[in-house]
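If you want the building blocks of each chain, they are given just below.
2 protein chains.
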Amino acid sequence: MINTEMEQLGKAPSKIREIFEYGKKRKAEIGEDKVFDFSIGNPNVPAPREVNEAYRELIATHDDIWLHGYTSAAGDLHTRKAVVDNLNQRFGTAFRASNLYMTCGAAASLKITITAMVTPGDEFITFTPFFPEYRVFVETAGARLVTAGTDPDTFQIDFAKLEPLITEKTKAVIVNSPNNPSGVVFPEAAVQQLAALLKEKEKVYRHAIYLISDEPYRELVYDPEIGVPYLTKYYPDTVVCYSFSKSLSLPGERIGYILVPDEADHAADLYAAVAGAGRALGYVCAPSLTQHVIEKCVGQVSDLSVYKTNRDLLYEALSGYGYTCVHPDGAFYLFVKALEEDASAFCERAKAFELLLVPADSFGTPGYVRIAYCVTTDQIRRSLPAFKKLAESYGKI
Amino acid sequence: MINTEMEQLGKAPSKIREIFEYGKKRKAEIGEDKVFDFSIGNPNVPAPREVNEAYRELIATHDDIWLHGYTSAAGDLHTRKAVVDNLNQRFGTAFRASNLYMTCGAAASLKITITAMVTPGDEFITFTPFFPEYRVFVETAGARLVTAGTDPDTFQIDFAKLEPLITEKTKAVIVNSPNNPSGVVFPEAAVQQLAALLKEKEKVYRHAIYLISDEPYRELVYDPEIGVPYLTKYYPDTVVCYSFSKSLSLPGERIGYILVPDEADHAADLYAAVAGAGRALGYVCAPSLTQHVIEKCVGQVSDLSVYKTNRDLLYEALSGYGYTCVHPDGAFYLFVKALEEDASAFCERAKAFELLLVPADSFGTPGYVRIAYCVTTDQIRRSLPAFKKLAESYGKI
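Going down the list, the protein sequences come from chains A and B. Quick note on numbering that gives the first Met the number 0: the first sequence kicks off at 0 and runs consecutively. Quick note on numbering that gives the first Met the number 0: the second sequence kicks off at 0 and runs consecutively.
If you're looking for bench data, these hints aren't it; they were derived computationally from the structure. One thing to keep in mind: the hints can contain errors.
The list treats identical chains as interchangeable, and a pair is accepted whether it falls inside one copy or across any two copies.
[Claimed, not checked] Taking lysine-lysine and the DSSO-like style, the derived pairs with C-alpha atoms no more than 27 Å apart in a straight line are:
no., residue 1, residue 2
1, K24, K80
2, K388, K232
3, K168, K10
4, K33, K168
5, K26, K80
6, K307, K198
7, K336, K307
8, K387, K24
9, K80, K23
10, K10, K23
11, K10, K80
12, K23, K295
13, K80, K295
14, K202, K350
Pulled out of the complex, with its shape left as it was, chain A reads as follows:
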């Protein structure tokens, strides 16, 4: 008598949340420092100092009506200007505030964008491994998620696998680079090839095939030689979905944006549909105080050095213990091949060593696990003997 699809979604929390909840219980039983919880992508690096200073200063110097009142549905104009100015400066683009729609974070950005685009029978393509909520957002919008396999060693795009999946029904391709859960970044050559393929297919099918760039990890790249191409510059029909969750360590504050460039096909209609979808889904505006904080802090990035330290430590150690790891150029996840075929069984065995890892079946890549290394370096150090023993239990080393 109620919506059983929603009931089932509510009763089957994501695998990540399930392990996270187990971790909370286990820590209460045996002590916080005895459990090595690598389950959740909750940044452990503080927000930049400027963020809390901005909260304090805004509250001290502005009246309540401005601080806490409704903004325009698209977001405060000064905030939107500050965000596009920052983008234009960094990427040589020419966006205006009217291209930007502020949202309650990455999930809202994606859900609103998908809802704005969807028509009956649509398919959205993404690459494995992919963030499992993509399936939820696409399917509950009435469309189908099509997953394109990638190179099994590098998780880079396999164009031979992708090409036949693009059909008359393809509404958009969702790209997530740096990638959750693999940490892989798509280099410029891959982006150019993808853009060329999509342009070709647009001609064949005579309608736009949008590229949705889901990029909450854009700033989380650890080596200066790794560039993250700005996709609107390669392919005009690109919509950018962003969140400040990771760059400013504000995941709970729910703040991000959707960017619809003027060059995109039917840009004005699509922007209107984004506004309509935001309205229909119950988003009135992004949180006002945090919008004002973003205006002041859009150029800031949290100190990411701890993530780089963690990545290097974990990647080196686990590789040395005989694990096969994909080298993560960005984000804060290490993607590791399970030491047996069944990743869930492997994660169960890891629990015996108090290691909480996430099996990647729901990411579209059975046989892998995700290790979220957005934890203290101390936790990484203390966990290494457990990773070693786990490998030994499989006869490795």
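With chain A's structure known, arrange chain B on it following the hints.
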């Protein structure tokens, strides 16, 4: 090629927003103090002092990971405990934290609740006048909004009109008391009669008919003798949708909740469906810092005396000028009969006197206008001659 329903929603902003935008333009032309903008329900009373103190103190005394990190999808446990403790104390209820699901405000509460309940062919009933976004939320969830006419003089429930509208297809009845836009409060006798009718109909149709109590204006009642009955105590299948927007003057911060009592039909399944709908719609959690503020400030209410002053001033004056006004017991709207049949034409003529009023056609009550008196008392005083001239232009007085 994109979602035209969303495109149209985006291109047809609500009448309220349209007039609000006109007002901004007009103020820039002739000066802020020359335009009497009564279009939007943006509280003009500051948040209680304790709210900004809580923001400041939390930031000064807690670490960033806790302040700005993800909470559980249902909300921070301490926040939920504080909210239900406050409800239990005020209404003699026995809710637990597990009955509560924190949301990004009233619109999110309603959209999530409707999505959690909806099955194909469903109808949701509400009473005229009603907040126009109800139609958007219900129709974009795939259901039909059925509107029950009310007593034309008092806007109280007309049970003779309501009864035949309740059918096999009725999933829920949405009640909004105190009401936007009329300010009307449903007294206990009406609530009792409504509960009795719904119980009877549940027996006839052998399924739950939920009552959705949309109550962002619960605390905005100006006369001590006026009580706002707590609906879960009269009818077990009640789901409460709340927002702190009005009681704490925080409309831009997007913070509210959904309450599913244990007594409600299939309560556990419905709560799960609420969680599933929140997930599917892209709501990850309510803004974390503001959740913590709510934990500290749940018992507070903004100083509402200015609204009472405004209401009395406006109601008396307009009645004196020959307008027919519904006496608003709560909320911050005065609902007035237009001085000609076409309320839009009346609002256009009002513009000539720099009065910005909202025609109530989209509220389901043609011939009426809404005056949002959540403005300064000074604006009310200065606007009175304009209201008088407007009446005179119709040969009143």
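Quick rundown of the hints versus the structure:
Taking the shortest Cα distances, K24 and K80 sit within 27 Å of each other only across copies (19 Å), while inside one copy they are farther apart (45 Å). Taking the shortest Cα distances, K388 and K232 never come within 27 Å of each other, neither inside one copy (48 Å) nor across copies (57 Å). For a Cα distance limit of 27 Å, the shortest separation of K168 from K10 across copies, 26 Å, qualifies, whereas the shortest one inside one copy, 31 Å, does not. Proximity of K33 to K168 under the C-alpha cut-off of 27 Å is found in neither arrangement, the shortest distances being 50 Å within a copy and 54 Å between copies.
Taking the closest pair of Cα atoms, K26 and K80 come within 27 Å of each other only across two copies (22 Å); inside a single copy the shortest separation is 45 Å, beyond that limit. In this assembly of identical chains, K307 and K198 lie within 27 Å of each other by CA distance neither inside one copy nor across copies; the values are 36 Å within and 61 Å between. For a Cα distance limit of 27 Å, the shortest separation of K336 from K307 inside one copy, 21 Å, qualifies, whereas the shortest one across copies, 66 Å, does not. Taking the shortest alpha-carbon separations for K387 and K24, only the intra-copy value of 24 Å comes in at or below 27 Å, while the best inter-copy value is 67 Å.
For a Cα distance limit of 27 Å, the shortest separation of K80 from K23 across copies, 19 Å, qualifies, whereas the shortest one inside one copy, 41 Å, does not. Taking the shortest alpha-carbon separations for K10 and K23, only the intra-copy value of 19 Å comes in at or below 27 Å, while the best inter-copy value is 46 Å. For the identical chains of this complex, K10 and K80 are inter-copy neighbours only, at 22 Å across copies versus 41 Å inside a copy, given an alpha-carbon limit of 27 Å. Within a single copy, K23 and K295 get their C-alpha atoms only as close as 35 Å, which misses the 27 Å cut-off; across copies the closest is 24 Å, which meets it.
In the homo-oligomer, the alpha carbons of K80 and K295 lie at most 27 Å apart inside one protomer (11 Å), although the nearest pairing across protomers, at 34 Å, exceeds that limit. Neither within a single protomer nor between protomers do K202 and K350 lie at most 27 Å apart by alpha-carbon distance, with minima of 51 Å and 50 Å respectively.
In summary, the structure is inconsistent with hints 2, 4, 6 and 14 from the numbered list given earlier, while agreeing with the others.
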